[in-house]
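Participant: What follows is each chain in one-letter form.
There are 2 protein chains.
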Amino acid sequence: MGREGQLIKELARAVPSAVGRRKAGRSSGARVSLGIGDDAAVVVPGRKADLVVTCDAFCDGIHFLADRHPPDSVGYKSLARATSDIAAMGAAPRFFLLALGLPQRFTHEWLSGFLRGTRRAAKQLGVVLIGGDTTRSPLVSISITVLGEVAPGQAIPRSGARSGDVLYVTGALGRAQLGLEMVRNCPLSAVKSSIRSQNRILSQHLYPQTRLKLGQWLGKHRIASSMIDVSDGLSTDLGHLCAASGVGARIWASRIPSVEIPASRAQFARKYKLDPLKMALHGGDDYELLFTVPRRLAKRLESAPEFRDITAIGEIERGKQILLVDSDGRTKSLEAGGWDPFR
Amino acid sequence: MGREGQLIKELARAVPSAVGRRKAGRSSGARVSLGIGDDAAVVVPGRKADLVVTCDAFCDGIHFLADRHPPDSVGYKSLARATSDIAAMGAAPRFFLLALGLPQRFTHEWLSGFLRGTRRAAKQLGVVLIGGDTTRSPLVSISITVLGEVAPGQAIPRSGARSGDVLYVTGALGRAQLGLEMVRNCPLSAVKSSIRSQNRILSQHLYPQTRLKLGQWLGKHRIASSMIDVSDGLSTDLGHLCAASGVGARIWASRIPSVEIPASRAQFARKYKLDPLKMALHGGDDYELLFTVPRRLAKRLESAPEFRDITAIGEIERGKQILLVDSDGRTKSLEAGGWDPFR
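Which chain is which? The protein sequence lines are U and W, in order.
Following our numbering, the numbering of the first sequence begins with 1 at its first residue and continues without gaps.
Following our numbering, the numbering of the second sequence begins with 1 at its first residue and continues without gaps.
Possibly wrong hints are sitting among the right ones.
Derived coverage of chain W by chain U (criterion: at least 3 residues anywhere in the stretch with Cβ under 8 Å from a Cβ of chain U; other residues may be distant) [as the list claims (entries may be wrong)]: (1) 288-298; (2) 308-318.
Straight-line C-alpha distance at most 27 Å; calculated DSS-like pairs for lysine-lysine [said to hold, decoys possible]: (3) W/23 - U/48; (4) W/299 - W/213; (5) U/320 - W/9; (6) W/220 - U/23; (7) U/23 - W/123; (8) U/23 - W/48; (9) W/273 - U/320; (10) U/9 - W/9; (11) W/48 - U/220; (12) U/332 - U/320; (13) W/48 - W/123; (14) U/48 - W/213.
Bear in mind the hints are in silico, worked out from the structure with no lab data behind them.
Even for Gly, the Cβ is constructed at its ideal location relative to N, Cα and C.
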């Protein structure tokens, strides 16, 4: 067996995987009849489900820094962020494929760490590796395809927001950016010790939690009219949602749940001019959900899982403008200021 | 709209694509109900089909040379080689996702050329772009996921070869390697003029033709017991097939259809020690099909499409050895000498 063959075996052992021919299960959901080790995987679709599929690239120097980010965070995050797109459709993630490009020197300890993180994410997210590709590459380059399932016609698109709908977001925004600024700007030794001590500020940046349960609940109960995950930043992702729906929106700065900067980081935040509202508006990588609910259904949200993490931040309006009402009641246009890899 | 948004629009315009919400078609096959422009695509599976899915990485410096290979060849080949894995399952390709990492300076002319090649391949192969990801990247890095369909239980695995089965291969092997050697070793100006004049030797290397029709025919008529595409080289891929099936094989050197070196390239071949048999045994990238047929079904192959391109090169045996009988009748063990990115 060649080195690539060994590597594929290592991957399949390290991560929850479907290998080779698989017996039929009893589940009515999609199942794998042929997993890792062939030219392609074979999936037998569930009887009453649509298939949801997404693909996400994660590259050294762009999305993470191989010399600063711990390898298990790279593994965890690459899978979590791809799966977050499935959550944003209201679907249940089931399978994933991993295309992994690695420099030779990353194929030992680094790879073990990466796979440890991928395994933890796969278990938490309930996904199974069914295929992919491995290759040598000058830089670490990861591409993950995730397949999920949703009841027919129940996927929640970006395009369903209507004037009058209430706009909600989960969690606190800007947490991931604060973590990123620490990883970027603190001395490497301080970063490493913060990671070891499981520093809370770093956690959403390194090991983002996705809102799978809530996403599926919103799909199942047909409560959300539109949804997107906040991956590029609120200002940019709200722009995507409004553009897809052909609507505008008005949000209130005072209602936006933003990251709290702990007293111990106040000096750091001042030095790097880190403003909680700006980070909440434009910081990416939080993987929270941004969704709209027709006003008559808003009350039903109270029975949602993670209801206490949901905040109404504004409403959908006619037109195309996205407006931000500041704490003094002044209204201004909100420009997309989030992540754009080509800017 | 940000630069990434513009890029996605450019992709969707350039390549056969499913964008946004799609109306139900009448076809009984899988269809897209939500295409490019959302967090994920939604596929409504066909009523009576299994889904086949594969993912393939294609990187500058490893699989191609961005400064030597024409961009339209990179686009064409990245999609063709991923789709070849679907052909090797006996399935029909339907949809693809493209994760594209590009340095900033590649986002203009180079990208146009790339998309021209991708479009040509997509049309020939009958696939439609339904999603993906675009990002800046220090090097051109492409990952393609292809989804296909096959009648339930009809996918042809690598693992079905049995002792006594006849081993077949399509086309002539080693053509792609001869082309690669020319691209690598000839002066850049000569390479460019050969490409312009559509040199036949270069064609399988730059614009590989896949065996979709034959693959599907073999699946539909349940004639092949196992199949793989020759992407890493005959010696390596036959090894994969035999390992998956738990069998050995015996092949005859004199029967292996190998690339013909034209007289005009004889000197070049001597200089670089390019031997047709060695290239046929170990050269990768041909994307021909290697498959086994139970002896009692061999006659039926005569009605296969592209039957004239099919050659019986050996047979499956008990045990684990892969043996090569040379032109003098001597038998020796055939070691895997094909492409392994980590060797």
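Participant: Now look at each hint and say whether the structure bears it out.
Facilitator: Okay, the hints, checked on the actual structure:
1. 288-298: This one is violated; 0 residues, fewer than the three required, reach chain U with a Cβ under 8 Å.
2. 308-318: violated (count 0)
3. W/23 - U/48: 19 Å, holds
4. W/299 - W/213: 19 Å, holds
5. U/320 - W/9: 19 Å, holds
6. W/220 - U/23: OK: residue 220 of chain W and residue 23 of chain U at ~22 Å, within 27 Å.
7. U/23 - W/123: Not OK: residue 23 of chain U and residue 123 of chain W at ~36 Å, beyond 27 Å, violated.
8. U/23 - W/48: It holds: about 19 Å lies between the C-alpha atoms, which stays within 27 Å.
9. W/273 - U/320: Answer violated: residue 273 of chain W to residue 320 of chain U is near 66 Å, above 27 Å.
10. U/9 - W/9: 39 Å, violated
11. W/48 - U/220: 26 Å, holds
12. U/332 - U/320: 14 Å, holds
13. W/48 - W/123: 25 Å, holds
14. U/48 - W/213: 31 Å, violated
Checked against the numbered hints above, the structure breaks hints 1, 2, 7, 9, 10 and 14 and satisfies the rest.
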